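Undergrad: Residue-level listing of the chains:
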Amino acid sequence: MITIALSKGRLAEQALDILEKAGYDVSAGREKSRKLILEDEKAGLRFIMAKPADVPTYVEYGAADLGVVGKDTLLEEGRDLYEVIDLGYGKCRMCVCGPAELKDKLDTIPNKRVVTKYPNITRHYFEDIKKESVEIIKLHGSVELGPLIGLSEVIVDIVESGRTLYENGLDVLETVADISARVVVNRVSMQMKADEIKPMIAKIREQLAKQEV
Amino acid sequence: MSNNKFYTPDGFTDQLPEVCAFKREAENKLRNVFIGNGYREIETPGVEYCDIYTSTDLVNAESLYKFCDQKGRLLCARYDGTVPAVRFATNLLKDEPLPLRLFYVENMYRFNQTGGGKQNGFTQGGVEFMGAEGSEADGEVISIAIESALAIGIKDLQISIGQVRFFEGLACQLGLSEEDRILIKNAIQQKDSVMIENTARKAGLDARDTETLMMLIECQGGYEVIEQFRARVTDPEALKALDGLKDILDIMDEYGYLKYITVDLGLIGVENYYTGIIFKGYTYEVGFPIIGGGRYDNVAELFGRKMEAVGFSMSLTLAITALMRQGLELKKEQASVIVGYDRAVKGARAKAIALAKALREEYTSVILDSSGMSEEELDQYSDLNNIPATFYVNEGEES
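Just so you know, the protein sequences line up as chains H and G, in that order. Mapping to the working numbering: the first sequence position 47 is 1067, numbers consecutive. Mapping to the working numbering: the second sequence position 378 is 548, numbers consecutive.
If you're looking for bench data, these hints aren't it; they were derived computationally from the structure. Among the hints, a few may not be true.
[To be verified] Covered by chain G, according to a simulated footprint, are these stretches of chain H (three or more residues, beta-carbon under 8 Å): (1) 1101–1109; (2) 1179–1193; (3) 1207–1214.
[Unchecked claim] Distance windows between CB atoms, simulated: (4) Glu232/G x Thr1184/H: 32 to 40 Å; (5) Glu1121/H x Val217/G: 54 to 62 Å; (6) Thr224/G x Ala1073/H: 26 to 34 Å; (7) Glu394/G x Arg1225/H: 18 to 26 Å; (8) Asp1124/H x Ser347/G: 28 to 36 Å; (9) Asp1045/H x Val217/G: 24 to 32 Å; (10) Gly1064/H x Ser541/G: 54 to 62 Å; (11) Gly291/G x Asp1037/H: 29 to 37 Å; (12) Asn1131/H x Gly216/G: 25 to 33 Å; (13) Lys1151/H x Thr224/G: 46 to 54 Å; (14) Lys1041/H x Val364/G: 53 to 61 Å.
Remember, it's a predicted structure, so these values are computed and weren't measured experimentally. Glycine included, every Cβ here is placed at the ideal spot set by N, Cα and C.
Isolated chain H, as found in the complex (with noise of 0.2 Å):
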């Protein structure tokens, strides 16, 4: 029995279509009920429908086996795990955003204040890449607010279209990283279940290939 834990949302879907096509039966998976815990025995598949940002916690504690999740919240959490497959799709950036006017003068700008979803990112861009030291807000939701009413100088937070940029005047600055879906796996899982964890992963890499191609 392998338990894989699932970041709930579209996430899910593709992380059960690509299982499927590498042969495994998900139907568990697909059913739509408010369980959070979908299990079918015969196909050695348990899924736990479980909030991204808690993804990386289930499956480093071994609660899960396998994992998918984005890589923004696996920089963000910094689990101990072993990160096998990027699965390529949910596909975006995390970038530091400002006013457009602040193109190739971030630099320029002493003590700045960031506003983000993402303190552990944005403290590891800043302070170990960039060798600045920034003060960091946290904030829930709508950080696009952040340089426009004057909270902060910038943002760090994931774009994909850009649009909701744009529509608030604000442009992307520098990226800090390149994110898409990745599979995770627990230390001890791949030790201990190498025998369904291993083929599991060579099956997921094979589709992906054919996928490719």
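With chain H's structure known, arrange chain G on it following the hints.
TA: Chain G alone, transformed into the frame defined by chain H:
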């Protein structure tokens, strides 16, 4: 005014009597294994100068529980067993002939960076074998690690063994730059194949060499894995590492422990003080390894004595969690026997005392009730507390 007087601090737990009893038993089983192999127990104070960890760059300062002594010097709670043992061996035992075989069973304290819920205080038992080098010494320590896990009742055990020098040698052979080497090392730890491929391409490696790097995350097994890699490497350091691993497999075979062993050359270790073999032990039902160990030939030198060393530690706390989740039934009984007496009867107490003393010769735990329970109350109490046998003395001395 404190609001926290009812609670244990984050990351720490109290142990119920039945868990504690099982843990003590397990600790003693570990001691027996270690002593049986000729290791001697040491006790370190549990409070150290931070310098033993930080001035040697062995542990991040952020991971230590820190406080000050009266002179303002920075102290910390014992973070691990190895570094205090090395300090001990390089000072107190500096005139003893090598090799030294030492062990400890103690509590460790650390801020776990990986997140809440994980224990910050836990018990480890481990050995340090100092002043001996080579695969035979490595084999001795790995065999003790296996015996320790078996002794406390872990049945599903897997030990993965790697060799840090293999990757160093391979990196040398492939001519990887320092930067690429670190990138690939991190990617191997994450089993991140995309990162390996990208870095290999950037470094201009050919298909076969890229495949060799990918094998590090994909190939685990027995002798065959060693041979697969042998066919692909030319670096003398890497070849020597493979020879060493093969020797260890031979030794494990002679012990009858080969079935527990997996060779995993992708096991590189985040701890940068390992200089040779490195191994981890896994079982079901806990998401973290219960055993960790390896060879650390350069640590003692930081304390002024050149001395090769190899060791391991087992987290008893994690191992017991695993055993309980695997269905271990803890003994709930409070005692084997309870003896009561009628206070109103002259001489009953003297008889009860004599009886309890006699019973204690045979049973490990005998309660002599001094709270004045009646026969009925005594029966009720022993039922509630799973005490199998009850005696009630209501006769006095014969007149």
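Undergrad: Now, for every hint given, state plainly whether the structure supports it.
TA: We went through each hint and held it up to the structure:
no., hint, result
1, 1101–1109, "holds (count 6)"
2, 1179–1193, "violated (count 0)"
3, 1207–1214, "holds (count 7)"
4, Glu232/G x Thr1184/H: 32 to 40 Å, "holds (37 Å)"
5, Glu1121/H x Val217/G: 54 to 62 Å, "holds (56 Å)"
6, Thr224/G x Ala1073/H: 26 to 34 Å, "holds (33 Å)"
7, Glu394/G x Arg1225/H: 18 to 26 Å, "holds (22 Å)"
8, Asp1124/H x Ser347/G: 28 to 36 Å, "holds (30 Å)"
9, Asp1045/H x Val217/G: 24 to 32 Å, "violated (57 Å)"
10, Gly1064/H x Ser541/G: 54 to 62 Å, "holds (56 Å)"
11, Gly291/G x Asp1037/H: 29 to 37 Å, "violated (45 Å)"
12, Asn1131/H x Gly216/G: 25 to 33 Å, "violated (43 Å)"
13, Lys1151/H x Thr224/G: 46 to 54 Å, "violated (22 Å)"
14, Lys1041/H x Val364/G: 53 to 61 Å, "violated (20 Å)"
Against the hints set out earlier in the document, violations occur for numbers 2, 9, 11, 12, 13, 14.
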